[in-house]
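Engineer: Chain by chain, the residues:
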Amino acid sequence: MKKIEIITRTFKLDEVKTALAGIGVKGMTVGEVKGFGRQGGHKEVYRGAEYQVDFVPKIKIDVVVEDDFAAQVVEAARKAAHTGQVGDGKIFVSPVDEVVRIRTGETGEDAV
Amino acid sequence: MNFVDNAFILICAALVMFMTPGLALFYGGLVRSKNVLATIMQSFIMLGLVSVLWAVVGYTLAFGTDIGGLIGGLDFAFLDGVGMDNAGSPAENLPHLTFMIFQCMFAVITPALISGAFAERMKFPGFLVFSALWLLLVYAPMCHWVWGGGWLDEMGALDFAGGAVVHMSSGAAALCCAILIGKRKGHGSQAFIPHNLPMTILGAGILWFGWFGFNAGSALAADGLAASAFVATHLATAAAAMSWIVAEWVHGGKPTTLGAASGAVAGLVAITPAAGFVSPMAALVLGLGAGVICYGGIILKNKLGYDDALDVVGIHGLGGTYGALATGVLATIGAEGLLLGNGHQLWVQFVSVVATWAFCFAMTFVIFKVVDATVGLKADDAAQDKGMDIAEHSETGYQW
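Going down the list, the sequences are from chains A and B.
FYI, the numbering for the first sequence is 1 to 112, going by UniProt numbering.
FYI, the numbering for the second sequence is 1 to 400, going by UniProt numbering.
Isolated chain A, as found in the complex:
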């Protein structure tokens, strides 16, 4: 199993969710996060005092899927989140050792 973390622009949440649901992803976890990459931060001005704000608000979507489904999920998410501008975000894929469904006790791919 793979965990796919998609960190991208907040306004892309609905498009990514729709794209993933469209190819059969059954669940996901979403969080509001802050960070920076090559996009960097931005300047804010309060009563003439300038502050550099480094952390930009983003969303992070976590999805866990079967190994042979991962590539399709990554590509769907990449297309949905793509604008072509700096700051589109990153997708990380990592192995998952175990999954447990709390309600039933099922494990492994049955629990995904």
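The hints are simulated quantities; they were obtained by calculation from the structure and are not laboratory data.
Computed list of lysine-lysine pairs in DSS-like fashion (alpha-carbon distance at most 25 angstroms, straight line):
{"no.": "1", "chain 1": "A", "residue 1": "K17", "chain 2": "A", "residue 2": "K3"}
{"no.": "2", "chain 1": "A", "residue 1": "K43", "chain 2": "B", "residue 2": "K254"}
{"no.": "3", "chain 1": "B", "residue 1": "K386", "chain 2": "B", "residue 2": "K183"}
{"no.": "4", "chain 1": "A", "residue 1": "K34", "chain 2": "B", "residue 2": "K34"}
{"no.": "5", "chain 1": "B", "residue 1": "K386", "chain 2": "A", "residue 2": "K34"}
{"no.": "6", "chain 1": "A", "residue 1": "K3", "chain 2": "A", "residue 2": "K26"}
{"no.": "7", "chain 1": "B", "residue 1": "K185", "chain 2": "B", "residue 2": "K386"}
{"no.": "8", "chain 1": "B", "residue 1": "K378", "chain 2": "B", "residue 2": "K183"}
{"no.": "9", "chain 1": "A", "residue 1": "K60", "chain 2": "A", "residue 2": "K90"}
{"no.": "10", "chain 1": "A", "residue 1": "K90", "chain 2": "A", "residue 2": "K79"}
{"no.": "11", "chain 1": "B", "residue 1": "K183", "chain 2": "A", "residue 2": "K43"}
{"no.": "12", "chain 1": "B", "residue 1": "K303", "chain 2": "B", "residue 2": "K254"}
{"no.": "13", "chain 1": "A", "residue 1": "K79", "chain 2": "A", "residue 2": "K2"}
{"no.": "14", "chain 1": "A", "residue 1": "K17", "chain 2": "A", "residue 2": "K2"}
{"no.": "15", "chain 1": "B", "residue 1": "K303", "chain 2": "A", "residue 2": "K43"}
{"no.": "16", "chain 1": "A", "residue 1": "K34", "chain 2": "A", "residue 2": "K3"}
{"no.": "17", "chain 1": "A", "residue 1": "K79", "chain 2": "A", "residue 2": "K34"}
{"no.": "18", "chain 1": "A", "residue 1": "K34", "chain 2": "A", "residue 2": "K60"}
{"no.": "19", "chain 1": "B", "residue 1": "K185", "chain 2": "A", "residue 2": "K43"}
{"no.": "20", "chain 1": "A", "residue 1": "K43", "chain 2": "B", "residue 2": "K34"}
{"no.": "21", "chain 1": "A", "residue 1": "K79", "chain 2": "A", "residue 2": "K3"}
Each pair of labels, with its calculated beta carbon distance range:
{"no.": "22", "chain 1": "B", "residue 1": "S394", "chain 2": "A", "residue 2": "F55", "range": "26 to 32 angstroms"}
{"no.": "23", "chain 1": "A", "residue 1": "D14", "chain 2": "B", "residue 2": "V52", "range": "53 to 59 angstroms"}
{"no.": "24", "chain 1": "B", "residue 1": "V354", "chain 2": "A", "residue 2": "R38", "range": "54 to 60 angstroms"}
{"no.": "25", "chain 1": "B", "residue 1": "D385", "chain 2": "A", "residue 2": "R103", "range": "39 to 45 angstroms"}
{"no.": "26", "chain 1": "A", "residue 1": "R103", "chain 2": "B", "residue 2": "V375", "range": "54 to 60 angstroms"}
{"no.": "27", "chain 1": "A", "residue 1": "E109", "chain 2": "B", "residue 2": "G188", "range": "53 to 59 angstroms"}
{"no.": "28", "chain 1": "B", "residue 1": "A382", "chain 2": "A", "residue 2": "G35", "range": "25 to 31 angstroms"}
Anything over 12 angstroms on all C-beta distances counts as not near chain A; from chain B, calculated:
{"no.": "29", "residue": "G68"}
{"no.": "30", "residue": "I71"}
{"no.": "31", "residue": "G88"}
{"no.": "32", "residue": "I181"}
{"no.": "33", "residue": "V329"}
{"no.": "34", "residue": "L338"}
{"no.": "35", "residue": "V375"}
{"no.": "36", "residue": "Y398"}
If you're wondering where the values come from, they're calculated on a predicted model, not measured in any experiment.
Note that the Cβ used here is the ideal one computed from N, Cα and C, for glycine as well.
Please arrange chain B on chain A, whose structure you already have, making use of the hints.
Structural biologist: Just chain B, lined up with the frame of chain A:
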């Protein structure tokens, strides 16, 4: 006694009361989230502390029988002789109690204004003692000098609704406190970004609303002068909100909501001494100047580097001073300023400005030093890191 005037001034007193929670929101939104409650508290609790002190001894020090032009006697201590009729009332058309409670609301908001200077780093017990002493030793004498038959009143200084009594006095105290208490931990290296500007804008709106009671009510009657002061207040405020955002648009590149709110407050402050003495168009001109001058004041603060956290000096100190001097130029209603050829009035205004700044700064210095040495005023670095809400009040504004 006039029942219509009584009804009007009681409503005005309620409007002025509403300014203090408005100020709490205005200030509360400007600080970081870990200090929101402590900041709100420093305004809100003045409704408690000052009201009690005012009834017991503050009112009589301000409006009791004059002693040497400097202070009122103790004839109205514990509100003795302050009753439902006009006996002894400085305003013959009003019950003495109405006049007293209207003035009480002014006394409440003035020490609350100062709290913006030392926001995010003042311990609560010290703040209470400082505010109590400041009310009795600075506000009450100032109030007596200007409105209670004291020496500035005798000299003919014009201060319709509190340019000197409320704004210059709190501005001078704020400058003194900001210098003496020192900077917030991290000042200059961390970003002190307002945590909730919508709260600040709402607070500014409430201040604007309440200020009609402050200024129009200072006519002390439901008459044409009240209407004139109301219109002057509104036009000066509108003009200052516009001129502030234009100034920052030109200087900084973008017009900000905080600029619009700050400009409005600057206009309200500046028109306060002039409200009943100037025509609508003069008020508009006065307001245009207020927005630009007070914006300049906060830019200057950023260059000078002292930590007046919420710009009490730049807005109330500078705005009140400018308004007092502008009153000496623009007064045409019930008084004659420089525009009508009376240069003497501008001189009187200048003297009142110097006297107010000198007296309030010096007295605040002494009070601050005494309270700092006894009760203690500045929160230590650990408390500032934790936030004043937890450190001083064991609660937080937001749960998540």
